[in-house]
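Guided by the hints, dock chains R, Y and D with the ligands onto chain U, whose structure is given.
Protein chains: 4
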Amino acid sequence: MRVLFIGDVMAEPGLRVVSLHLPDIRDQYDLVIANGENAAKGKGLDRRSYRILREAGVDLVSLGNHAWDHKEVYELLEREPVVRALNYPPGTPGRGWWRLDAGGESLLFVQVMGRVFMDPLDDPFRTLDALLAQEKADYVLVEVHAEATSEKMALAHYLDGRVTAVLGTHTHVPTLDAMRLPKGTLYQTDVGMTGTYASIIGGEVETFLARFLTGRPQPFRAAQGRARFHATELVLEGGKGVSIGPYVWEEP
Amino acid sequence: MRVLFIGDVMAEPGLRVVSLHLPDIRDQYDLVIANGENAAKGKGLDRRSYRILREAGVDLVSLGNHAWDHKEVYELLEREPVVRALNYPPGTPGRGWWRLDAGGESLLFVQVMGRVFMDPLDDPFRTLDALLAQEKADYVLVEVHAEATSEKMALAHYLDGRVTAVLGTHTHVPTLDAMRLPKGTLYQTDVGMTGTYASIIGGEVETFLARFLTGRPQPFRAAQGRARFHATELVLEGGKGVSIGPYVWEEP
Amino acid sequence: MRVLFIGDVMAEPGLRVVSLHLPDIRDQYDLVIANGENAAKGKGLDRRSYRILREAGVDLVSLGNHAWDHKEVYELLEREPVVRALNYPPGTPGRGWWRLDAGGESLLFVQVMGRVFMDPLDDPFRTLDALLAQEKADYVLVEVHAEATSEKMALAHYLDGRVTAVLGTHTHVPTLDAMRLPKGTLYQTDVGMTGTYASIIGGEVETFLARFLTGRPQPFRAAQGRARFHATELVLEGGKGVSIGPYVWEEP
Amino acid sequence: MRVLFIGDVMAEPGLRVVSLHLPDIRDQYDLVIANGENAAKGKGLDRRSYRILREAGVDLVSLGNHAWDHKEVYELLEREPVVRALNYPPGTPGRGWWRLDAGGESLLFVQVMGRVFMDPLDDPFRTLDALLAQEKADYVLVEVHAEATSEKMALAHYLDGRVTAVLGTHTHVPTLDAMRLPKGTLYQTDVGMTGTYASIIGGEVETFLARFLTGRPQPFRAAQGRARFHATELVLEGGKGVSIGPYVWEEP
Ligand SMILES: [Fe+2]
Ligand SMILES: [Fe+2]
Ligand SMILES: [Fe+2]
Ligand SMILES: [Fe+2]
Ligand SMILES: [Fe+2]
Ligand SMILES: [Fe+2]
Ligand SMILES: [Fe+2]
Ligand SMILES: [Fe+2]
Numbered sequence: 023m024r025v026l027f028i029g030d031v032m033a034e035p036g037l038r039v040v041s042l043h044l045p046d047i048r049d050q051y052d053l054v055i056a057n058g059e060n061a062a063k064g065k066g067l068d069r070r071s072y073r074i075l076r077e078a079g080v081d082l083v084s085l086g087n088h089a090w091d092h093k094e095v096y097e098l099l100e101r102e103p104v105v106r107a108l109n110y111p112p113g114t115p116g117r118g119w120w121r122l123d124a125g126g127e128s129l130l131f132v133q134v135m136g137r138v139f140m141d142p143l144d145d146p147f148r149t150l151d152a153l154l155a156q157e158k159a160d161y162v163l164v165e166v167h168a169e170a171t172s173e174k175m176a177l178a179h180y181l182d183g184r185v186t187a188v189l190g191t192h193t194h195v196p197t198l199d200a201m202r203l204p205k206g207t208l209y210q211t212d213v214g215m216t217g218t219y220a221s222i223i224g225g226e227v228e229t230f231l232a233r234f235l236t237g238r239p240q241p242f243r244a245a246q247g248r249a250r251f252h253a254t255e256l257v258l259e260g261g262k263g264v265s266i267g268p269y270v271w272e273e274p
Numbered sequence: 023m024r025v026l027f028i029g030d031v032m033a034e035p036g037l038r039v040v041s042l043h044l045p046d047i048r049d050q051y052d053l054v055i056a057n058g059e060n061a062a063k064g065k066g067l068d069r070r071s072y073r074i075l076r077e078a079g080v081d082l083v084s085l086g087n088h089a090w091d092h093k094e095v096y097e098l099l100e101r102e103p104v105v106r107a108l109n110y111p112p113g114t115p116g117r118g119w120w121r122l123d124a125g126g127e128s129l130l131f132v133q134v135m136g137r138v139f140m141d142p143l144d145d146p147f148r149t150l151d152a153l154l155a156q157e158k159a160d161y162v163l164v165e166v167h168a169e170a171t172s173e174k175m176a177l178a179h180y181l182d183g184r185v186t187a188v189l190g191t192h193t194h195v196p197t198l199d200a201m202r203l204p205k206g207t208l209y210q211t212d213v214g215m216t217g218t219y220a221s222i223i224g225g226e227v228e229t230f231l232a233r234f235l236t237g238r239p240q241p242f243r244a245a246q247g248r249a250r251f252h253a254t255e256l257v258l259e260g261g262k263g264v265s266i267g268p269y270v271w272e273e274p
Numbered sequence: 023m024r025v026l027f028i029g030d031v032m033a034e035p036g037l038r039v040v041s042l043h044l045p046d047i048r049d050q051y052d053l054v055i056a057n058g059e060n061a062a063k064g065k066g067l068d069r070r071s072y073r074i075l076r077e078a079g080v081d082l083v084s085l086g087n088h089a090w091d092h093k094e095v096y097e098l099l100e101r102e103p104v105v106r107a108l109n110y111p112p113g114t115p116g117r118g119w120w121r122l123d124a125g126g127e128s129l130l131f132v133q134v135m136g137r138v139f140m141d142p143l144d145d146p147f148r149t150l151d152a153l154l155a156q157e158k159a160d161y162v163l164v165e166v167h168a169e170a171t172s173e174k175m176a177l178a179h180y181l182d183g184r185v186t187a188v189l190g191t192h193t194h195v196p197t198l199d200a201m202r203l204p205k206g207t208l209y210q211t212d213v214g215m216t217g218t219y220a221s222i223i224g225g226e227v228e229t230f231l232a233r234f235l236t237g238r239p240q241p242f243r244a245a246q247g248r249a250r251f252h253a254t255e256l257v258l259e260g261g262k263g264v265s266i267g268p269y270v271w272e273e274p
Numbered sequence: 023m024r025v026l027f028i029g030d031v032m033a034e035p036g037l038r039v040v041s042l043h044l045p046d047i048r049d050q051y052d053l054v055i056a057n058g059e060n061a062a063k064g065k066g067l068d069r070r071s072y073r074i075l076r077e078a079g080v081d082l083v084s085l086g087n088h089a090w091d092h093k094e095v096y097e098l099l100e101r102e103p104v105v106r107a108l109n110y111p112p113g114t115p116g117r118g119w120w121r122l123d124a125g126g127e128s129l130l131f132v133q134v135m136g137r138v139f140m141d142p143l144d145d146p147f148r149t150l151d152a153l154l155a156q157e158k159a160d161y162v163l164v165e166v167h168a169e170a171t172s173e174k175m176a177l178a179h180y181l182d183g184r185v186t187a188v189l190g191t192h193t194h195v196p197t198l199d200a201m202r203l204p205k206g207t208l209y210q211t212d213v214g215m216t217g218t219y220a221s222i223i224g225g226e227v228e229t230f231l232a233r234f235l236t237g238r239p240q241p242f243r244a245a246q247g248r249a250r251f252h253a254t255e256l257v258l259e260g261g262k263g264v265s266i267g268p269y270v271w272e273e274p
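Chains as they are written, first to last, in this note's numbering: chain U, 23 to 274; chain R, 23 to 274; chain Y, 23 to 274; chain D, 23 to 274.
Isolated chain U, as found in the complex (with noise of 0.2 Å):
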């Protein structure tokens, strides 16, 4: 089974990549997975920058931290393929996990966030462990949606052997470190982000600069300029991860 997962789709220029390049590659993967926390104009996933996704040929969207900026998301959460974090208190609406098939396998797939510099969810460890006791499929997939570096590694080892990959996403900036850990599982820290990458992790330059340098609160507005698509490439087989590399794409 081949899955490209799609790290977090920013705003018009990350649709616009994903819109553009994913139709010429979509058939040699057999599941594709995006993360469209950032979808609407920096801000959630609404139902247009949903549809694009989907038309483009993304199988399943995942949320983050963003999931709840634009109100629509509360029907997508409802009716179609679409994942929040799984660690959200019991009762929020939608759910953390997704079974998907292909070519008679299954893969699970979960999101977790992560509480380092974050808000204070549920335990994500426990959270994991209760949920990977009750679903079973042929591959699992987790995506962490974090901040810092070191609890996403304790995650990955913490699920190292159990699961068949980890994937990291939330920073915006791929990482070089796709790797196999000592029990098997595939890790990378970080996907990367799909848009605009001459920006402030997807935010225009002047704007997200003059936070900084003003301490004051200053409008959002994305990025414009040309977009990189990237994404990371797992192939498993046999029940296991056999290879995880980045996949990148640049606009013409």
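In case anyone wonders, no lab produced these hints; they're calculated from the structure. Check before you lean on any hint, since a few could be wrong.
[As the list claims (entries may be wrong)] Straight-line C-alpha distance at most 25 Å; calculated PhoX-like pairs for lysine-lysine: (1) D:Lys65 with R:Lys65; (2) D:Lys63 with D:Lys93; (3) Y:Lys93 with U:Lys63.
[Claimed, not checked] From the derived model, a few chain D residues whose C-beta atoms are all more than 10 Å from chain R: (4) Glu34; (5) Asp52; (6) Gly79; (7) Val138; (8) Asp145; (9) Gln156; (10) Glu228; (11) Thr229; (12) Gly247.
Just so it is clear, CB atoms sit at the ideal spot from N, CA and C, and this is done for glycine as well.
What follows is chains R, Y and D with the ligands alone, placed relative to chain U:
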């Protein structure tokens, strides 16, 4: 001028891989700078680890938030080419920049520390402005020791066109985003750690993981496995940055 | 000189209780200063709330981290006796101190903001040193708008013997520690909020509680019940602080 | 039933003032509980400080984020009436609640820790729900060891009408807001520290101040001056809270 910047050298595995590999490639570079804030068993820089780095061919050692973990650093900061962050308050022992010469050209090296999710030092933006107004060199290399990707990129765009290169450190994870910014400055969000990657940012998996699982303090122990050498190579010519790219080598 | 400092005036209940009570006691004080960072429905200061405070007898309005929540504050900072934190970077609109005169004596009022668990502004310690070296008055009153009790007390001891009084704000909870520090400066960790105490720091219980229970963003609404007027009374004489104590009044 | 809750007993001055004063007033109370997280020189609870508290008349000792600073606490948690926060993960040594009896009535004491500006423990809201569904008593007293005033008040309103009293600790500053909440629960945001108030939250001024001025780590030393005894007195009758108020005594 060819410059090699070695990312956070972590404990014995980091020192070992630098000793093992750097001498073999030293003559390909005019200058070698290493971040040594974790060289002394993960906590600061002591005389011994400083000596090992220097004997392997490092010209200048920078620090970070772990600068003060080992008391021998005070003596090193006084006598040796060792640099702590520039944006500590006036009166802080040591210095935040250093001028290196090679082949008739000069390189000004500066380190600043970020403030997002870190301690509240002086404003790194204005601190850099003041230094750059005063010190001139053929090339300027700024190390941004920071946690948040947004702050690192904000500093890089702020300096774009004014300095030759901006390299991030501190997260211990190398990033796959070495690039030229719009006005010509070379940039990479994080050089990555030089140490054991089968670890939690260089710490022993078992004890570091226990912090997350128990919520109680645990002893820090550096991981001891096979090490990776993670550096960034800069080619600088005619007063400008020509290329930037990761340099990686792993122990056999 | 008798000075009344009114703690963070919160939304309509805060404005109402100031209008209701301050005129009755105004003639007992030479100067009245109020923190107005939450006067405009909890979010900043607008022309209307500023006008209400002034008409009730307030001489000077200070702000805080909510300073920039309402855009009318820029106009007020330009024309009126309104003060934002002094340790914003140079070039910030408005000013961080104000001189008031009463009965032939002068009072220098300054606000600084803390940095622990707050945004990274300039160092409040050195910023105050610079101001105090330059501006002189018969009495100096410093408002420390900060979260952490340690930082407030550190600033107070740093200023002990150099300023007449240090009063904390921002937590919206009055403290029972009004005291004279060893070298004579009067001090209280927090003056407390002027607003509805059957609330969560002035916010409506239901919606504010939902943030903690759901981990998702919720609309902010100010609480609407019976308000308490919370101020600190300072008696200053012969260039020194004579007494400090809370002044509390509750709506009938 | 009359209950005295003594706020964070800080180092030798705290132990001394408890030994000096508590025996004189002990017979006015049915139960005495003290927070002892800082009793051992400011860092945790050891056998000696525990013994001193008990011999002075304390029935039960609670902890906080400093619970694990001294290793003797593990033995105390196993054998003695000592309570750590309830919302540590399952498997944490010790327990988060204790039942005390006096005059034929029972009091359930529980401690929870906040998560805002603190470490990410389990959700204190749901953890309390689970305990309250299971354990019954004539009176329930909840200690909220937390930094943010908003989180303390949110917990108090959440428990309003379901528990007898909610008392905050941790900031080391007593608050002037002892009150009855709308549904009858008694509440105070912070009981305050029992120790030396001419200090920075109980720490020696010189060394603690140096942290803020230098941005570098400094040794922790407890302040050594005249101590204040800061407690909150609760009168409980007929299954309800009758009154709440601070009890303060200062060394001569
Ligand atoms: Fe995110
Ligand atoms: Fe994102
Ligand atoms: Fe660091
Ligand atoms: Fe480091
Ligand atoms: Fe505030
Ligand atoms: Fe406020
Ligand atoms: Fe505490
Ligand atoms: Fe404490």
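Quick rundown of the hints versus the structure:
1. A C-alpha spacing of about 22 Å is found between lysine 65 of chain D and lysine 65 of chain R, which places the hinted pair at or below 25 Å, so the restraint holds.
2. Distance restraint check for lysine 63 of chain D and lysine 93 of chain D: the Cα-Cα separation of roughly 13 Å lies within the 25 Å cut-off, and the hinted pair is therefore satisfied.
3. This hinted pair checks out: lysine 93 of chain Y and lysine 63 of chain U have alpha carbons roughly 24 Å apart, not beyond 25 Å.
4. Every CB of chain R is more than 10 Å from the CB of glutamate 34 of chain D (nearest about 23 Å), matching its label as outside the interface.
5. The non-interface label for aspartate 52 of chain D is consistent with chain R: the shortest C-beta to C-beta separation is roughly 33 Å, beyond 10 Å.
6. The Cβ of glycine 79 of chain D sits about 30 Å from the closest Cβ of chain R, beyond the 10 Å cut-off, so the non-interface label holds.
7. Remark: the non-interface label on valine 138 of chain D is consistent with the geometry, its nearest Cβ contact in chain R lying 15 Å away (cut-off 10 Å).
8. Listed as a non-interface residue, aspartate 145 of chain D keeps its Cβ farther than 10 Å from every Cβ of chain R; the least gap is roughly 13 Å.
9. For glutamine 156 of chain D, the requirement that its beta carbon stay farther than 10 Å from each beta carbon of chain R is met, with the minimum near 22 Å.
10. Every Cβ of chain R is farther than 10 Å from the Cβ of glutamate 228 of chain D; the closest lies at roughly 16 Å, confirming the non-interface assignment.
11. With a least beta-carbon separation of about 14 Å from chain R, threonine 229 of chain D lies farther than 10 Å from that chain, consistent with its non-interface assignment.
12. Every Cβ of chain R is farther than 10 Å from the Cβ of glycine 247 of chain D; the closest lies at roughly 28 Å, confirming the non-interface assignment.
Every hint from the earlier list agrees with this structure, and none is contradicted.
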